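Residue numbers (the working numbering), protein chains in the order written: chain A, 1 to 312; chain B, 1 to 314; chain C, 1 to 686.
No lab work stands behind these hints, which were simulated from the structure alone. What you are looking at is a predicted structure, and each value in this text was computed from that prediction instead of being measured. We put the CB at the ideal spot given by N, CA and C, even for glycine. Each hint should be verified, as a subset may be incorrect.
To be verified - A short list of chain B residues far from chain A (calculated; beta carbon distances all over 12 Å):
no.: 1; residue: L5
no.: 2; residue: T44
no.: 3; residue: R63
no.: 4; residue: F65
no.: 5; residue: T74
no.: 6; residue: F82
no.: 7; residue: G103
no.: 8; residue: W127
no.: 9; residue: I131
no.: 10; residue: G166
no.: 11; residue: P222
no.: 12; residue: R223
Stated by the list, open to error - In silico DSS-like pairs for lysine-lysine, Cα to Cα no more than 27 Å straight-line:
no.: 13; chain 1: C; residue 1: K68; chain 2: B; residue 2: K123
no.: 14; chain 1: C; residue 1: K672; chain 2: C; residue 2: K363
no.: 15; chain 1: C; residue 1: K136; chain 2: C; residue 2: K210
no.: 16; chain 1: C; residue 1: K289; chain 2: A; residue 2: K38
no.: 17; chain 1: C; residue 1: K68; chain 2: A; residue 2: K38
no.: 18; chain 1: C; residue 1: K386; chain 2: C; residue 2: K648
no.: 19; chain 1: C; residue 1: K41; chain 2: C; residue 2: K210
no.: 20; chain 1: C; residue 1: K453; chain 2: C; residue 2: K538
no.: 21; chain 1: C; residue 1: K136; chain 2: C; residue 2: K146
no.: 22; chain 1: B; residue 1: K7; chain 2: C; residue 2: K386
no.: 23; chain 1: C; residue 1: K210; chain 2: C; residue 2: K146
no.: 24; chain 1: C; residue 1: K453; chain 2: C; residue 2: K474
no.: 25; chain 1: C; residue 1: K136; chain 2: C; residue 2: K154
no.: 26; chain 1: C; residue 1: K474; chain 2: A; residue 2: K38
no.: 27; chain 1: C; residue 1: K509; chain 2: C; residue 2: K538
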Amino acid sequence: MNPSESETGIPAVDASGLPDHVTEADIRESAARERREKLRMFLTNWQGLTGLILVTLFFASAVFAPWLAPYDPNALDVPARLSGPTLEHLAGTDQLGRDTLSRILYGGRVALYIAAIGVSVSLVIGLILGMIAGFGPRWLDNLLLLVFDTVRSFPTIVLALATVALTGPSLGVVLAIVIITSIPQYARVARTATLTLRNTDFILAERSLGASMTRTLLHHVMPNVIGPLLILAAMEVPVVVTVEAGLSFLGLGVTPPTASWGTILNEGYLVIRDAPWMVIAGGIPLILTTLGFTFLGEALRDIFDPRMGKGR
Amino acid sequence: MLYYLTKRLGLSAVVVCLVVLALFSLLYCIPGDPATIALGPRATEEAIARYAEKMHLDEPVWRQFLIYIGNALTGDLGLDVFSDRPVTAIIMERIGFTLALVGAGMGWAMLLGIPLGCLAAVKPNSWIDRITGVLSVGTIAVPSFLVSIWALLIFAVHLRWLPAIGAGEPGDTGDQLSHLILPAFAIGLSWVGYLARMVRASMLEVMGENYIRSARAFGLRPRRVIFGYALRVAILPTITLIGMGFGGMISSTVFAEIIFARPGIGKLIFDAVMARNFPIVQGAVLVATGLYIFVVLFSDILIAWFDPRVRESL
Amino acid sequence: MPKDALNSPETLLDVRNLSVEFRTPRGRVKALRDITIPIRKNRIIGIVGESGSGKSTVLWALLGLLAKNADVTGGEVRFGDRDLLHASEAQLRATRGEEISVVFQDPMTSQIPVLTYGRQMLDILYRRPNVSAAEKRRMAIEMLGKVGIPDPDKRIDQYPHHFSGGMRQRAGIAMALLTGPQLLLADEPTTALDVTMEAQIIHLLQDLQKELEATVVVVSHNLGLIAELCDDVVVMYAGEVIEAGEVHEIFHNAQHPYTRALLECDPARIDDVSRKLPVIPGDIPDLTKALSGCIYAPRCQRALPLCREKLPPDVARGEMSLARCHLLDGPHHDPSWPPPLDVMTVGQGVAGASKPARVKTDKPLLEVSDLNVQFETVGHLRARLKGITQRHVDAVLDVSLLVAPGETVGLVGESGSGKTTLGRCVLNLVQAQAGSVRFEGQEIRNMPESRFKPLRRDMAMMFQDPVGSLSPRKSVRALITEPFQIHGVTGIDLDAEAERLADMVRLPKPFLSRYPHELSGGQARRVGVARALALNPKLIIADEPTAGLDVSVQGEILNLMADLQAEHGLGYLIITHNLPVVRHIADRLAIMYLGRIVEEGRTDELFGRPVHPYTQALVEGVPQPDPDRRRVHVSISGEVPSLLNRPKGCDFAGRCPFAQDLCRAEKPPHVKMANGRRHACHFPLD
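Next comes chain A alone, as it looks inside the complex (with noise of 0.2 Å):
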């Protein structure tokens, strides 16, 4: 319902026909001025910038990490080991001699391939579940309802270690996790907006008409659901980095060779009396990566979805 004008100051819409100072051409004008106030919006958010300007470096950088990189990551060089920065390693080297910004580079793109993986797999199966949530069964509701619930607000970490100690430790342990552990957020964005659609009257007013289930969830109830889903896959994004980052730092992920900002990260705790320097280079491309997604992320709710930045 159009509020009425003396709570919003904005004169409600015109009340019948069209007003004599509006054409057609006006009406198409302003789509337009719309789609191009929402592109100006974005670009003088400077959240928004930053977070788009640091998530295409991380992309860049993961990408094409095999030219970038100064090194072959697993090279060694025992001589150079436990180095600071210098000119030849530019983020100094680990105990072993390899030279981190390689490493950097490289685990970018473990965190790429689980962010990728793990968001798209976990958003697809979310939307779907959330979807039969909202528009199935009351008892059905209530109980993926409890199953999301316990999911999500398990301690992560916690399942990690139980799983780990039977399974030993993998990358795919870690998807596997991620992708369990993520789940219930999309299940539960998509089952609120599918629950709000299903009781407004255009939902019934397409039942009225005669659109079939599949009809009314592919055109009506769908594109209103993504995009809240699309922004939080955003903001989400960080914290499966930081999963990944966090197993691997405890040895439950990556298996080393591989690098992956985790085991920077272990490897610098174990010697961080010595060689602190390595526990801050494996903290800034995870530190950039999260702000840069959840800048976006910010930025583009606040643009598109403002209602749903009130309390999720």
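Since the structure of chain A is already known, use the hints to place chains B and C on it.
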């Protein structure tokens, strides 16, 4: 209210059972002999046999599960594989450190975060609002285990202001407190940001509601309107979110205990995983689950206490 | 304004030259321009206006509670020795609640849900430090009793969600009057309430005003409310006061063309039943642009070329009245204006076909017999745990209804009557538990969707929320042509069809590329009509077709519907609670109460000689926009009982002034009367 309590308790018990069941089934899903899996490839024949006997592995799976649950209810969580000491005793020794850390971390985060969020909402676009905004995004984005590592680096290793390792001398409260500061700071930091923005968003939404306008129209004092009316309603979603996010707090605590070598439950689980001491893993996971369930339950009850509509609708 | 009135000791609050602007992304909206309203002591003054008039803005300006993007650009508000517009926040706060108090429009959202009424009322009295808490509580209980809340000493400790809508509004009035304010502001106090409750609240306000000698300002768009309640009236249009005067003068001798037009458009004032209703064409001007001349000129039925250029003078007529129009004074004074009351100055919008004589057929279009719809309230498990035996409510109970082809049947009821459920059940959107629904002779109750789908081409629904019933990410064009796609109609040019339908509902073609959130209520309704018409239905069920529309423009949609009916022989089932409108547009009426039909028959007979006491209560309950026809007493008290607590015996017995023992014991059966009328009453009125 009683009905609501019963229902929540029942659900919580179900969840705990499900978690134990999940652990059990994980053990049995993996191909191979459970005892070998639990103890690892380097275990001796004798150790495996002893484990199999202790864990009643010859019985059917469901009976093992029931035996375990039954024992757990009486406080018996099995025996440590190496030392044969009761798992419960080991856990009891360590749980105090974890609770202290969680309490301290959560405590300072709430003491700082909630008022900040309130202030930011009441004075939108002021400098305090902007700083809160930047701070909260910044602190949310930085992973807590990284904060732990860097805090360790800066304050313990480099500046030497605070101790790096352990929980302090038993009996010496001052020493224990000084060992608590860094880890508590590390795990609380991201929560400050998270809470501040949650409270701010919630307050902003509530302040736009009609009933706040009514309260102002009746001439109530601004302080009363903000705290007695707006915050009273806005705190509800915040409590829910604290309950929801508590699992993350436990995760951060585990990392902090490992990084700062605090002898709490988190480190216990980690060491047990590395040493393939499965009964400890199982028991400690159960206790950790119980802890987080308790917090969620508590937050639900708190909400029902604050919001009469919830009390009665269930 | 006559100068003497301004400084008269009778004036309690003096609004002078108030101007307010809002800063919005589209520019500065000049919401109020030079408003002057003297409010006399001990009288009830009504501010009448439609959407965009700025009437509510005046209230918020008085209290200093305007939105953050508002700028007061001029004027003053004299209250006693203070100027409220330029008072400090502390001074304003001292006034609010103590000397000036407010009753809000929507009691469901204006009261904080987590505090008891006792606590809220205690808070309101915080400025009485010398009064003990016990005494404050006693005052609160007394006030709750005064506003008609039963058992106030127990109910004071309850929360707002324990109170029904009408009771909540009473509680709201109690809270406003608790401190004994000199001035009470009421913002649309009855808009959210049922008709029978509205009457009670009006009388409550009248009684309280007399008893407490308070001054009341009522803001409303409801002319009946204003006529019934107020002593003085101020008419606002698009941010200006265009007429003011005593209530009899305004209603019987309106001077300004807008006031005149407004009165003519009110269906309750049109005695002769007419299918088409008058309309004021056009819409309020864009207040962000520069304005010149008379604000109403673009829509005025008697506009002169001068009117668009020169601001008209305020022409005083008596001591307290004025009207702002060129026709009343000066070189363009027209002595023949205003014409006598029986002359209509406003037209009926676009002319359409007149209604052909109804084709008499034996076969009814829609025939509902003994329909029953139940909703489950409690799940199996919880019912057993709590020992609840009654797990269902009867939303629709033994309903029988007939709609002939080309006929308009009005389904009238208040909240909880089940009318919307009935409409949805007919369209197979809700399951029915018993009874029969026949469409053109074919049984369709609970028909499986696959078989029912082709029938959806023959019956369509128009929804209550015009914008909300349109899928937000589809363009109007896509929405209008969707029915074709759903039913797999091939071989047609979708674009051409979209344009044809847009023409049919008089929606200009450029709107086809808009999205629902860019449409106004009226435009969205037309899109709804276009969708409903896409496949040439025979029956349209319209759920509250005029909800949210101003009186001066609701005629547009109703006239459109009438024209379409004449052209295509459509049958309508109009679901509404708006009696004045339905009296004009419906051939027959069915009155629903708590899920049952209590009376059914021809509209004129139902209004002229109602047979069921509830019908009579409804008909008499509507406040008439004529101060000479004020009701002296209210015949109906209480509220619609909850579906969960359906009374034994007649549902209406608890409130019926004629109830007898039999009524409370047994449910009255449906009785068919001579001329096709039916009723359900043990002791029908004769």
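Status of the hints after comparison with the structure:
1. L5: Holds, because the least Cβ-Cβ distance between L5(B) and chain A comes to about 17 Å, which exceeds 12 Å.
2. T44: holds (19 Å)
3. R63: Correct as stated: the minimum Cβ-Cβ distance to chain A is 21 Å, above 12 Å.
4. F65: holds (16 Å)
5. T74: Answer for T74(B): holds, closest chain A Cβ roughly 23 Å.
6. F82: holds (15 Å)
7. G103: holds (16 Å)
8. W127: With a cut-off of 12 Å, W127(B) remains clear of chain A, as the shortest Cβ separation is near 17 Å.
9. I131: holds (14 Å)
10. G166: holds (16 Å)
11. P222: holds (21 Å)
12. R223: holds (24 Å)
13. K68(C) with K123(B): Holds, because 12 Å separates the two Cα atoms, which is no more than 27 Å.
14. K672(C) with K363(C): holds (20 Å)
15. K136(C) with K210(C): holds (23 Å)
16. K289(C) with K38(A): Holds: K289(C) and K38(A) sit about 25 Å apart, inside 27 Å.
17. K68(C) with K38(A): holds (24 Å)
18. K386(C) with K648(C): Within the cut-off at roughly 23 Å; holds.
19. K41(C) with K210(C): OK: K41(C) and K210(C) at ~12 Å, within 27 Å.
20. K453(C) with K538(C): holds (15 Å)
21. K136(C) with K146(C): With Cα atoms ~15 Å apart, K136(C) and K146(C) stay inside 27 Å; holds.
22. K7(B) with K386(C): holds (13 Å)
23. K210(C) with K146(C): holds (13 Å)
24. K453(C) with K474(C): Between K453(C) and K474(C) the Cα gap is close to 22 Å, so the pair holds against 27 Å.
25. K136(C) with K154(C): With Cα atoms ~15 Å apart, K136(C) and K154(C) stay inside 27 Å; holds.
26. K474(C) with K38(A): Distance of about 19 Å is within 27 Å: holds.
27. K509(C) with K538(C): holds (26 Å)
In this structure, every one of the numbered hints holds.
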